[in-house]
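**Q** Okay, here's what each chain looks like letter by letter:
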Amino acid sequence: MKAIVTVMLKNGVLDPQGKAIGHALGTLGFTGVGMVRAGKIIELELAQTDPVKAKAEAEDMARKLLANTVIESFQVSIDG
Amino acid sequence: MKAIVTVMLKNGVLDPQGKAIGHALGTLGFTGVGMVRAGKIIELELAQTDPVKAKAEAEDMARKLLANTVIESFQVSIDG
Amino acid sequence: MKAGIVVFPGINRERDMAIALETSSGVKPRMIWHKETDLSGLDLVVLPGGFSYGDYLRCGAMAARSPVMGAIRAHAERGGFILGVCNGFQILTEAGLLPGALLRNASLRFLSMDCHLRVERSDTVFTARYQKQRTFRAVMAHGDGNYFADTAALDRLEGEGLVAFRYASETGDVTPVTNRNGSARSIAGIYSPNLRVLGMMPHPEDLVDPLMGCADGKPLFDALVGAA
Amino acid sequence: MEVNQALARSFGLNAEEYSRVLDIMGRTPTLTELGVFSVMWSEHCSYKSSRVWLKQLPTTAPWVIHGPGENAGVVDIGDGLAAIFKMESHNHPSFIEPYQGAATGVGGILRDVFTMGARPVANLNALRFGNPSLPRTRRIVDGVVRGIGGYGNCVGVPTVGGEINFHPAYDGNPLVNAMTVGIASKDKIFLSAAAGIGNPVVYVGSKTGRDGIHGATMASAEFGADSEEKRPTVQVGDPFIEKLLIEACLELMATDAIVAIQDMGAAGLTSSSVEMAGKGGVGIEIDIDQVPARETGMTAYEFMLSESQERMLIILRPDREEMARAIFDKWELDFAVIGHLTDTGRIVVRHHGIVEADIPLAPLGDQAPLYTRPTTETPKQEKLNPARIEDRFGLTRALEHLVACPDLCSRSWVWDQYDSTVGGQTVKRPGAADAAIVKLEGLRRGLALTTDCTPRYCLADPEMGGAQAVAEAWRNLTAVGARPLAITDNMNFGNPEKPEIMGQFAAAIRGMAAACEALDFPVVSGNVSLYNETEGRAILPTPAIGGLGVLDDVSKAVGLALPPWLDIVLIGATKGWLGQSLWLREIAGREDGAPPPVDLTAERTNGDFVRTHILNGTIRACHDVSDGGILIAIAEMAMASGFGARLSAHPRDIPGHAFWFGEDQARYIVAVPDSVALIRLAETAGVPAVRLGTSGGQDLTLPDGGTISLAALKTAHERFFPSWMDGSEQEP
Ligand SMILES: Nc1ncnc2c1ncn2[C@@H]1O[C@H](COP(=O)(O)OP(=O)(O)O)[C@@H](O)[C@H]1O
Ligand SMILES: [Mg+2]
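Residue numbers (numbering that gives the first Met the number 0), protein chains in the order written: chain B, 0 to 79; chain F, 0 to 79; chain S, 0 to 227; chain C, 0 to 731.
Derived from the structure by calculation, the hints contain no laboratory data. Glycine is no exception: its CB is placed at the ideal position from the N, C-alpha and C atoms. Among the clues, some could well be false.
Claimed, not checked - Where chain B lies over chain F, by a calculated footprint (3+ residues, C-beta under 8 Å): (1) 17-24; (2) 40-49; (3) 57-65.
When you get a sec, could you build the whole thing from the sequences and use the hints?
**A** This is the structure in structure tokens:
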């Protein structure tokens, strides 16, 4: 079972990286680019075969390690 | 229109970060964790309202800047 | 040799580089703003170390796409000399002027320490004042210096003699222990096929003054400025 | 939201302070006004508990150009140059979010220094952490170290020194004190007093978001359902922008455009505008609509209190506005004229055309609360008699144990993550000498830099501890051959409303003042951090000292690495002082006794002697004797060079363990070719000196016959940090 954990900075938290990327896209001539946010994605292969349990497990991992919940929020999706 | 670009290291490129996360999860007592891969996610707000065009645009951005295709592969998805 | 140093936003070793070049040549190098596009008259273009664009996204990614890069590419095609150190090396690979990529250090930590570089060939303008297979001291200061290229590319580099330096012990032994950042085949620097573009991770420019306790980097600049 | 006493209390103003606000305003203040009062009258901005004591510190000397009161201290270092430096704490943010807390701490102190016109040339950091066996401590250390490196490495300022201690008293309250040193031309120092009625007030740097806004407001009802999103967000640093800001400001400072400039530090726009106008005796008007915003829907209150990073406030000459704008455009930074100076003596803040604040500046400053809080003296501890303290360990085992303990083990795991060479001027990097040495570009002149404090001494005897911290900083500068010039301090203490804590503070200041006086080593800048407590338990009193000295010629400096085949000589008197020593804590398991006394006369005589003989080339290596005593000092010297030593017997009237591990002050270990000659010179100068042995070989041979190989010693010394951190390689 594959779990995909997406970790993004919370709204309102400055995202210097996203800002710089947005700026660079502008320099490259891309127009119509609004806010850019950069985050992390972590793909985990889990032995767990029950998707509900796998999700709970990955969420636990996110809380304990993968995300810094002071400034980041996360989302878990399970991919068969 | 929001485009989400996911950038992962290609297979065969060493992913020390993924490995370290796997190791750290083990230390925290999580069992049954197989391969871990770490990547980046970039969320872009685009002025473009046509999802097909938005996707093409984001793919262009990925090729030109967001991913280094020597080591990384990317995927674009469009979200409402 | 007329030298110029490219200043990208966030670069921070351009002053160190200018001091090193001036120490060897007696001439202040030209500082080139990243938006300039005319490099005519220059023999050597240096891409210095630092954190262009904060190293955000990927080290060197944004700088590699800045306006000056077109002129740098043309300079390379003309057979001009280019030295990229640290972030400069990362920019050269991101721009495709040198093969491969620099990944996060294997330890996932920034490495700030001296290292010894083994000189793989001494018949280039960069290394003419060093001895082949001997080492010199340089400063490592990077978070992403882990050189990567696929096996075929690595074989080609080796086969064509384009590996410039390897991480080694003081006496020249290349071992996993001396390869602190985890680089493929301990590679610390590589040349372009015409041997006129050099990219390297460690900093020779921070060790050019005996007052710093070591001037091992000076021969590189002496050789360069003496070459043309 | 209704402004009343309850709200004021939640903003940190007590009833008496709030009634003073009402008196000054003559009406109920607006929310924004209350916000301005609360932050300006906070401990952090007003120094209301500490000011009466801080006044006792000596702050002048012929070489002091600007003492406390400016953004940083300024001293004359010769050749027409000035060193500008300061230390500042970021303790609480580093506990909440270690990486960003430490990173923004570095960013903040950098701005304090370059706002005065200096190019930053060195960073140091004084760190205190809790019990290493707690997983939380490990996480905090990892985050703080990454944060300091992440910011400092990126901005391109070398991190050249610092210190780290562990003690359970810091479990819930680590200390992160960051110091920056910059260099400016002596006649181009920029100050913060605003002047010139009508002059534009210019905002530069990053945009403003809701970062770090006073947490107190969030308790109130108005932020209901979506309070999660409106929580005071952690300040995130952007070292890339800071780097651009440094370059842009220095470029502007090379012109004549700036009348006054100040960084937006704690309390952001409020403190910078109030302080600049207040100091200049002028009024200021700010139009919030012009302030670059990162988020939508922000209120005037939020704009005024935001602690978004990487921002500066500048008063410009009106005719230079376009030129200044062009510079910031070039560096792609925000530049906005957000107001102008007035002759009203008031700060007026407008938002959407509505006056959100209108406060007279003079009473805001003059009537700021000032407290002489009650103090209780720390009871003196008993002097321990070394003869009564049994040594069950022997020298060899104690040495092996001590070099490996968290407080004495190698810190290379830490400094290997800090770029210490960027700039190309670092003569002595971390671990190479008692003070870091950074050369001045193009000159042989250099600065020596150190941070010091021994909190366990300060707890046992705050006055002695305060004096000791200053003396150790002076000694560390002396030990490389530098002439000590001045210090910055960072006073980290618990809750000042407790008499015992205020007593610690007052006593530490007394001790520091005496040492500064005796050593001609004035305080030119500093910072106070109070309320460092968790669940009523205070940290150890920690007056961290950042010392700066100058070397006319850095080639004359010495490091601590022990060269082979030299005589090892101890300078300074030894009584075998074990009270509060690390030997006592780590080997005998006791944390008691009076700390070693500081004899300031001996300190000066011994130090002047050592410096003279470093500069004339006699002394080839030098290390001060501090934590762990003589044997630890020699072991550190040997490990640094890879050459061992053979040590001879000690005086009979002192027990061996007390002689070798006691922590008597004012002492140095020096290596010289001819000890007889040096000792003769010392006698003439009234300086105690005794030969301890000879350097050379691969082993350390102790006077009791015990031998330990340097390789084994080094392995023990270097083990702690890497093995402790193993498994925490996660990214921030
Ligand atoms: N937080 C830190 N950052 C950088 N260097 C540090 C830090 N802590 C300690 N060091 C360096 O480690 C060395 C030893 O530190 P310390 O034991 O405090 O020295 P001393 O006892 O001589 O004052 C010094 O070079 C010091 O600058
Ligand atoms: Mg010392």
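**Q** Hint by hint, say whether it matches the structure.
**A** Now for the hints, and whether the structure bears them out:
1. For the stretch 17-24 of chain F, the stated coverage by chain B is satisfied: 4 residues place a CB nearer than 8 Å to a CB of that chain, which reaches the threshold of 3.
2. Check on the stretch 40-49 of chain F: 8 of its residues sit with their Cβ under 8 Å from a Cβ of chain B, so the three-residue criterion for coverage holds.
3. Only residues whose C-beta sits within less than 8 Å of a C-beta in chain B count toward coverage, and the stretch 57-65 of chain F has 5 of them, enough to reach three; the restraint holds.
Of the numbered hints given earlier, the model fails none.
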